[in-house]
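Given these sequences and hints, build the entire structure.
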Amino acid sequence: MVTGAEMLSVAAFLQGRHAQAFPSFGSERTGAPVVAFCRIDDREIRLREPIMEPDALIIQDPTLLHQVEVFSGLKPGDGYILINTSRSFDELGIGEFVSGFRPERLRTVPATELAVKHVGRPLPNAALLGGFAAVTGLLDLASVAAAIRDKFPGRVGEGNVAAATAAYEIVKQEMKEAALHAQAD
Amino acid sequence: MSYQPIKFYQTGTFTVGNRLLAPDERSVQANMQRTNSLNSGHRACQGCGEALGARYAIDAAMNATRNQLIAANATGCLEVFSTPYPETSWQIPWIHSLFGNTAAVATGIAAALKVKGRRDVRVIAQGGDGGTTDIGFGCLSGMFERNDDVLFICYDNEAYMNTGVQRSSATPPAARTATTMAVGREPGNVFGQGKNLPLIAMAHFIPYVATATVAELRDLEAKVRRAMEIRGARYIHIFVPCPLGWGHEAHDTIRISRLAKETGLFPVFEAEHGEVTSVSKIRRQLPVEEYLRPQKRFAHLFGEAPRLDTIAHIQAYADRNIRRFGLVEEGAL
Amino acid sequence: MDKPFAITLDVGSSLANRTGSWRTNRPLYVDRLPPCNNACPAGENIQGWLYPAESGDYEAAWRVLTQDNPLPAVMGRVCYHPCEDACNRAQLDSPVGINSVERFLGDEAIRRGWRFAPLASESGKRVLIVGAGPSGLSAAYHLRRLGHRVAIHEAGPVAGGMMRFGIPKYRLPRDVLEAEVRRILDMGVELALNARVDNILSTLRMGEFDAAFLAVGAHIGKRAYIPAGSAARMLDAVSLLRSMEGEERPLLGRRVVVYGGGNTAIDVARTAKRLGAAESIIVYRRTREKMPAHDSEVEEALQEGVMIRWLSTIREAGAASITVEKMVLDEKGFPQPTGEVETLEADSVVLALGQDVDLSLLKGVPGLVIRDGVVQVGPNMMTGYLGIFAGGDMVPSERTVTVAVGHGKKAARHIDAWLRGGRYVAPPKHELATFDKLNTWYYSDAPKTVRPTLDIVRRQSTFDEVVGSLDESNALYEARRCLSCGNCFECDNCYGVCPDNAVIKLGPGKRFEFNYDYCKGCGLCATECPCGAIQMVPEKI
Amino acid sequence: MLKQIEGSLGVAKAVALCRPEVICAYPISPQTHIVEDLGEMVKSGALAPCEFINVESEFSAMSVAIGASAVGARAYTATASQGLLYMVEAMFNAAGLGLPVVMTVANRAIGAPINIWNDHSDAMSQRDCGWIQLFAETNQEALDLHIQAFRLGEELSLPVMVCMDGFILTHAYERLDLPGQAQVDDYLPRYEPRQVLDPREPVSIGAMVGPEAFTEVRYLAHAKQMQALELIPRHEAEFRAIFGRDSGGLVREYRTADATTIVVALGSVLGTIKDTVDEMRSQGHRIGVLGICSFRPFPLADVRRVLHPAQRVVVIEKSLAVGIGGILSANVRMALSGVQLHGYTVIAGLGGRPITRKSLHKLFREAERDELQPLTFLDLDWNIVNRVLEREKRERRSGPIAETILRDVGVVAARVA
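Residue numbers (this note's numbering), protein chains in the order written: chain H, 1 to 185; chain C, 186 to 518; chain X, 519 to 1059; chain F, 1060 to 1476.
The set of hints was computed from the structure by calculation and includes no laboratory data.
Beta carbons are placed, not taken as given, at the ideal position from N, Cα and C, and that holds for glycine.
Mixed in with the good hints there might be a few duds.
Restricting the straight-line Cα-Cα distance to at most 20 Å, the calculated cross-link-like pairs of lysine-lysine (PhoX-like) are [unchecked claim]: (1) X/K791 / X/K687; (2) F/K1283 / X/K521; (3) H/K151 / F/K1062; (4) H/K75 / F/K1417; (5) F/K1421 / F/K1333; (6) C/K299 / F/K1102; (7) C/K301 / F/K1102.
A short list of chain H residues far from chain F (calculated; beta carbon distances all over 12 Å) [what the hints assert, rightly or not]: (8) D55; (9) L57; (10) P62; (11) K75; (12) E91; (13) V98; (14) T112; (15) K117; (16) P122; (17) R155; (18) G157; (19) K176; (20) L180; (21) Q183.
See the structure below:
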């Protein structure tokens, strides 16, 4: 997750923006729940407080949904939510909770599956960034890919880029469909 | 005058020098131009074994390195009596940092010399038993484990003399010190399991470990010379009596060292990479009483009712050394 | 470099701190008297000549030796070496073979033809010496070295005295004796042979001598009353031994009985063996412990088959046998007759009961005191008559070559002083370097080397020298066994063991010096000095 | 060159550009990434010649640095928290011997209770050991201060500690302007030691000094830090000339002109404070900020000059002098002796507690109304505190405070569930 925030900040940096990524500091061991933050701005970022009112939320492990107050501070209406899952928001049992959000900003993507497929290991970060780029449109895929390659040079990097691209496509596709549905209704 | 082949005793087997030896066969100490690394005017007590041992060792090291030597010194008698402002007795570049960090300081010196390409300059760390076996133990073990290119010399006078003779982990059983007084049912220091630094050093499998006493100069010099031929972590443990702390006559410093070896209480040997490679045999084996009796720190063993049990216990330590290191010549005695 | 204040100091600056002020005891270098020197009747500086010998400088060693004794080759054979009995090394392993090294040096000198150094200036005085024995020769040598002209009058046909007529060849080969005598004569000593002095005063007067040294020895064999048949063949030891130097050998027969217990008795018995006697029996009235003869001599005699009858006296002598009476020692250790007798076959009986001095030359000399058949002399060896000194066997003392040589030296010094109108005062003796003053740890174990001895058959048939010499390396080895008691041998211990570098090494032969500016007086140097050449003395406060 | 990298890596790269010759490493969070990065550079040969030594303790780390520096080598190490305390004896020694070691302290709290998060307790504990202490506000400044630290320390023969907030800076990914080697070489001359252990000119370093000279030695140590007060601004100017940006210096003012309230602080919290101040300014509040970069030596004159015109000073500090309150504020007050103004000490951010704009807004407004207590603990949970105090009054064996608090907060319970 921490890596995800890092790559996110790098991608933003590559697009000429100021970015600040930092983990929720702790002595966590691998696998334990962690939160990482990323600020993106057009001016120098001086603020050092943790992000308490995020504009976007990337949930890597949906099993935490009911354990920690994941959504606290996220503004209903214009907040983004991206969840790493092959299930739907309803299947996850939060359909009702997110009813107040703009549906086109709510997305799920099977990032872990994609990672296993393209990288061979269940490391969903890159895929989630691809999905994030797609759902928010704040970053373009190219800079995400560059950030990934910067972090993981060589084959692993390319695998991750592939995963990210796949996720990007999936999300874009869903959004297109969703848009069509919207018009249909 | 032409010199006869070295064949007979007076050619110096046991003496410091001797006119009958070819100059290059004499000890460093016999040299008229010896470096006196620890020069006169130092404030050591009369008959100080540490002052003697330090000059023996450092002179030998200077001789072996053509004076390309730097020393780091732990806090303690040696440091205090050799460098009270505004006078120092040292002839070599020397630094005193702290009590417990000498090995590490030496590591830093060696590292810096390596970076600066001064491989010719060698590094010695030195301290007393406190700065070696107690407070300096951590840094020492680290230096050993990394096999840093440092020779650590411990001048062991078996207690904290600088602060007034308190017990250290090198203090022998039954010895009286300011913190193990000769009172109560078990007077003097406890009979612990012992903390044999040379053996602990060997357990790091460093290239070279040796013990020596100020009673056998040639042996001591040979060991320093050997140590200087080797790169990596090396350790020499030198037995240096303290007339003040042990309560023996100032003129008996060397005699006491000799007795420590001849009774088997202080085994003199060499080891490389954890294996004992040579042992200095006992020449005329003596019972431990001979060693204990002249020292006031053991006086309580020889009172109205001598503590025969305790003496026997100490003798057992000596016998164990004799067995373990094979200190007695086969067939002898 | 611009060093941080106080924290960083310039090397060696502590020399400004004179720690000598701490001292309550001060070390001093001393020379103590080695027991060997102390025990030598000839007053040799034994440690002194062993020292150069240790480094193989034999000539230097010989020159030190001959400052006291001109006859090392002789002494190295006939001396009973009390030095070795006194040697501290005996308490470590065995005494240093001083005598054998002395002999080696003596022989080396003869082999290489070393000569004595030219004399000091002539004094113009003339001294008469009567007798060319060890004492006379020694006196002549020393007087000559002191610049006096010396004339020896010898009654016999050759020089040497008892060394020639008392000691058998197998103990002292004649060529050795002659070589050393010649060396003395070469110093310009006049020797008149067959020149018996009948009246000392007239000889002095006629020869215009300024002083005289009498050393005529004791050549008259003591007689004891033994009832003897006319046929009995009895001779005295002195005459017998003297006759050995003559043309034809004396006839002793197959069974020889020697009566007495001194070294002469032994010499005779061993000589008899060599002359072909089947039996050579010594009859002695006491036990071996009480026997005056030197133990090594007795040992060698027994090895050669000489038999000894302890606790026996000769009652009477017959044609071909003698009667011997058994004795017992009383509580005082004196032999008492038992009346128990037995008969021994004997072709001849040799009496070795000691010798008397022929004092005829002293008739009419006023002031002389003669007691127990010998001339009494003062501590300066002068007789009761001014200018007449005496020594050797004719004065009261033990009768050995070594003692005689010592007398010669002592007398010479006093005569010299007397001639110059002064008194010779011997320098005060150093404190004795006793064993407890040594730190023997530093000496490794090195047992004495045994001199080779002649095989038994040749010892019984020939007069070849019984005891051989050490070769060069053995001699060096023996020399190096010397502990150098009480005298610095530059082992560098003091220089090495000083924790304060307060000992200054002055270089080869120059020994050491203390630097009292820094010496704290710990005393390590004194304790660790192997040879006891450092003494600690309290500082005066 | 601009890069988006972790603060630790930025510092590591800066240190590498300074051509250190001996680096000692002992792991302790949150400093560890720095020496890890340096270790890799040395192993790979990217940083050479340099000896990287994995020591067995911080005590040893500083001691190795002492030895290396005494031979004239440029020595560096990094630590934090307990690690800094473990090397305290050697800290005083390096300063006393005048050895210009440079060390990063990734500021972290000190136990017990053990706490790995950020505050300034570690650095503050060493404020009097003789080291120069510089506090970085941003990762860019942290990076730059290391380059200045070697220059300053070596010029004065004094060790320099560069303090950067643990995790907040060390683990943050930000845009960093990495200088080129030529620039750094230009700014930082070869190390010319005042004293060096060398057989060619032997000296004894570390003599025992008695009453006759000890005071003088200590005074000289003080005098050297006073010289730093002049050097630091000079170095800051030269730095600007070569690197084209402001970094370091003694103090940094922000909107203090005409400010009636001035907030004083150290380190990364200045960013959050500035944002807050901007917001308040936009609402018409006359408030400004004084950031202290050089805590040792402490720039009394500059602090006095800046604060003198204000009506009140709010000192926010991430450390607590138990039994009195503030450490930084005590120093600030020393600068203001004789000056009449309201002074407030605010203890904030202990053990990693976030300092938020929200809390600051509230705090500053109370200050402006002079309703603030002289000593305030930001966001202190009075319920917990009072409950514990109550309980302790009642029962003798109230158990360890930390654990009881956790129980009150409910964390322990949550873990169990």
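Do the hints match the structure? See the list:
no.: 1; hint: X/K791 / X/K687; in the structure: holds, 14 Å
no.: 2; hint: F/K1283 / X/K521; in the structure: holds, 14 Å
no.: 3; hint: H/K151 / F/K1062; in the structure: holds, 13 Å
no.: 4; hint: H/K75 / F/K1417; in the structure: holds, 17 Å
no.: 5; hint: F/K1421 / F/K1333; in the structure: holds, 15 Å
no.: 6; hint: C/K299 / F/K1102; in the structure: holds, 16 Å
no.: 7; hint: C/K301 / F/K1102; in the structure: holds, 18 Å
no.: 8; hint: D55; in the structure: holds, 16 Å
no.: 9; hint: L57; in the structure: holds, 19 Å
no.: 10; hint: P62; in the structure: holds, 19 Å
no.: 11; hint: K75; in the structure: holds, 16 Å
no.: 12; hint: E91; in the structure: holds, 25 Å
no.: 13; hint: V98; in the structure: holds, 25 Å
no.: 14; hint: T112; in the structure: holds, 24 Å
no.: 15; hint: K117; in the structure: holds, 28 Å
no.: 16; hint: P122; in the structure: holds, 24 Å
no.: 17; hint: R155; in the structure: holds, 21 Å
no.: 18; hint: G157; in the structure: holds, 16 Å
no.: 19; hint: K176; in the structure: holds, 32 Å
no.: 20; hint: L180; in the structure: holds, 37 Å
no.: 21; hint: Q183; in the structure: holds, 40 Å
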